[in-house]
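Protein chains in written order, with our numbering: chain B, 35 to 413; chain F, 1027 to 1311.
Honestly, the hints are just simulated from the structure, not real lab data. Some clues are possibly wrong.
The calculated lysine to any residue pairs, modelled on SDA-like cross-linking and capped at a C-alpha distance of 25 Å, are [stated by the list, open to error]: (1) F:Lys1281 with F:Ile1067; (2) B:Lys280 with F:Lys1069; (3) B:Lys354 with B:Val390; (4) F:Lys1281 with B:Gln92; (5) F:Lys1069 with B:Pro239.
Listed next, the stretches of chain B that the computed footprint assigns to chain F, with coverage defined by at least 3 CB atoms under 8 Å from CB atoms of chain F [to be verified]: (6) 99-110; (7) 258-268.
Built from N, CA and C at the ideal position, the CB exists for glycine as well.
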Amino acid sequence: MAVKDSGRVVLLQGNEAVVEGALAAGCRFFAGYPITPASEISELMSVKLPAVGGTFIQMEDEIASMGAIVGASLAGVKSMTATSGPGFSLMQENLGFACNAEVPCVVVNVMRGGMSTGLPTSPGQGDVMQARWGTHGDHPIIVLAVSSVMDSFTITVQAFNLSEKYRVPVIILSDEIVAHGRESVVLPRPDEVEVVDRITPTVPPEWYIPYEDNSRGVPPMAPFGSGYRHHVTGLVHDTHGFPTEKPKEVGDFMARQFRKVTNGAYEIQMTRRFLLDDAEIAVFAYGSVARAAHRAVLRAREQGIKVGMLQLITLFPFPKRAADAVLRQCRAVLVPEMNIGQISREVKRVNMSAKVLKHNRIDGQGIGPDEIYEELLQM
Amino acid sequence: MADLRNKYLRHDKKFPHVWCPGCGIGVVMASLIRAVDSLGIEKDDIVLASGIGCSGRMPVYVDFNTLHTTHGRSLTFATGVKLANPDLKVITVMGDGDATAIGGNHFIHAARRNLDMTAIIINNQIYGMTGGQFSPTTPYGAFATTASYGNVEHAFSISELAVTAGASFVARGTVYHVPQLDRLIEQGIRKTGFSVIEVISNCHVQYGRRNEMGDPVTMLNWMKKSAVSVKSAAGKTEAEMAGRFSIGVLADLDKPNYLEEYDKIRQRAAQNHIRVNEESTEGKC
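Let the hints inform the model, and build the full structure from the sequences given.
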C-alpha cells in the first residue's frame, strides 16, 4: 500500500476507525452501554478519551447514554454514543428530544440481524427505517451508512460535521461485517481533517433568541454556562425556547426543522458513483453490501454487461437527485440489502421508469459478490 | 422576597404558572431560590434540569440555564451536562413518579456513581399532572384514579432508597417546615457528591381529594402531625412511627466523587498515552 508522507498506516477494525474518526472530529464525550457488536467502540473510547482530556462514562442503560450525550452537547462538548439494535430502540425517546431541541450529537448503530435480541454477532441492515422513523413525531434526521474501515473513519468525521452544522442528531449505520472486519488504512494527520464546529451566538446575552430563524434555518447555539441563559425543552417551543401550542409558532418551528435539512441536501446527500457513465443496469447498495456489489459489478463488466453502482452513503434524507440520474438512465436497478427491502422501497418511491429489483437476505448472513453477480446475469 | 422574585424568576415571560392554587411545588421553588441566593451562586453557573410532570415545569419559571427533559431521564441529561462542564452547579428537580418509577434506575445509579449533583425530589405521593394515578410512594390502601378500590402496592421510602444506593447526602423535608427546607436544600447544593433532598409536598387536588385531605391546609396539618425529626425518630419504635416519617438529614458521608476519580483516570491515561505513542513510533517501518 502506498503510504502518504503525512498519514499513518494502521490495521483497524471498523469500530476502532469510528473511534479514531470521532476523536479527529473533536468528540470529547462518550456515554454508552455495552452491546455486541458495538462494544469495542465503548472500550476504545474509555482508553482514548481521558488521554485527550475528554470523558467516557458507562451508563446504566442506553436510555441514560442517550440522555447523557444530549446533556454534554448542551454544555458545549461534541458527544457520541454507540449501540446495536436493542439499544438503539431504547434510545429513540431521547433521540427525539435531540431532534426537537436541535442538539448536535452522533449515534452509531452497529446493526445486527433479526428482531428483538436477534442475532447478536451476525450482520443485518434491519434498522434502516428505525433510524429514519424510530422516534415519534415528524422530524428530519440524517442517517449515514459506512461500508469499510476507511469509511468508518471519514464518515464519522462527516457525521460530526453535519451534526454541528445543522444542529441535528446524525445516525451512523454500520453493520457487523464492517464493524468487526479489519483492514489496513491510512489515517490522516489530525490537522488534515476538516472539522466543523457549531456556530455560537455573538450578540449580547440579552439579545439572544435561542431558536430564532435565519437564512440557514439553523440558530446559533449557546452552551450552558456561557452567559446565555436559556430554556431547553422537549416540548414544541417558540423562538425563545418556551413551550407553545400556538398553531403559527408550532407550524413555523416544524417547517424550519425540515427546511434546514432540505436546504443542506446538496452536501448532506452523499453518494459514490462507480462505472455508471455508460451503465444500462445499476446496483444501489450501502454498508458492507456495497463492497460485495462493487466486486460483482467488476465481474459483470468483465462479461461485457454494462452495469454500474451507486453507493448510498447518506440514506436519509434519501439522495433523490443522485438516484434520479441513475434511474432515468438505466432500464433496471438492483437493490441488495440484508433486510426485507427497506431501501428498495425508497428507490421505488422516487423511481420514474426503471425496473427496481430486490435481493434480500434476512438469515443473518452477509451478501456476497457471487449472489449479486448471479442476479445481474438475470437482469 | 420581592427582590428575589425580580432577580430569579422569569417574571416577564411565563407567568402565571401552571400549578394549582396551594400547590407545594411553588414552596419548593422559593426554597431553592433562597438557598441559591444565600450560597451566592451566579445564575449563569446553575443548570436546573427536570423531567416530566408538575415539578417538571419549574425550569420554565426560574432564570437559570434550564433543561426540561424527557420523563424520568433528567438525571441522565444532568450527568452529561456536569461531566461536560464540571464548573456548573447542576440541580435536578423531579417528582416521585418521575424520579422513582420511570426514572428509578437512573436514580439509584446516580446515587451509586456519586457525581457532584443535587436532586430535589418533590414527593406528593401521586401522579398529579396526568390525573391522579398512583405512584411508587402512594401509601398502601390509599385511593387514586388507577387505585379506585385502594392501592394494593407498597410504597417505598425515597430517602432510604437513596441512602442505600450510596448518595453522599440525603435529607427529607416538607413544604410545611419551610425554614428547615431552605437549609436542607442549601446543604445539599453545598455538598460535593450526589445529594438528595426529598420534599414531602401536597397534591390536595389529585391525592388529597381522594384521601380525605381535599385542601392545602388539611394536607399541611397532616405533614405537621406526621413529621418527626430524625433525632427523635431514632428513639421511637416501628409501631410509634407507623404512618409517620422522619425529617432532617439522613446521611452525610464523605466519599470519593466521580469527578475527582475521573481526574485520576485522566492523569493515568495521559501517562499511558505517552507510552502508547512511543511504542507505535518504534513499531513504524
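If you check each hint against the structure, which ones fail? 2
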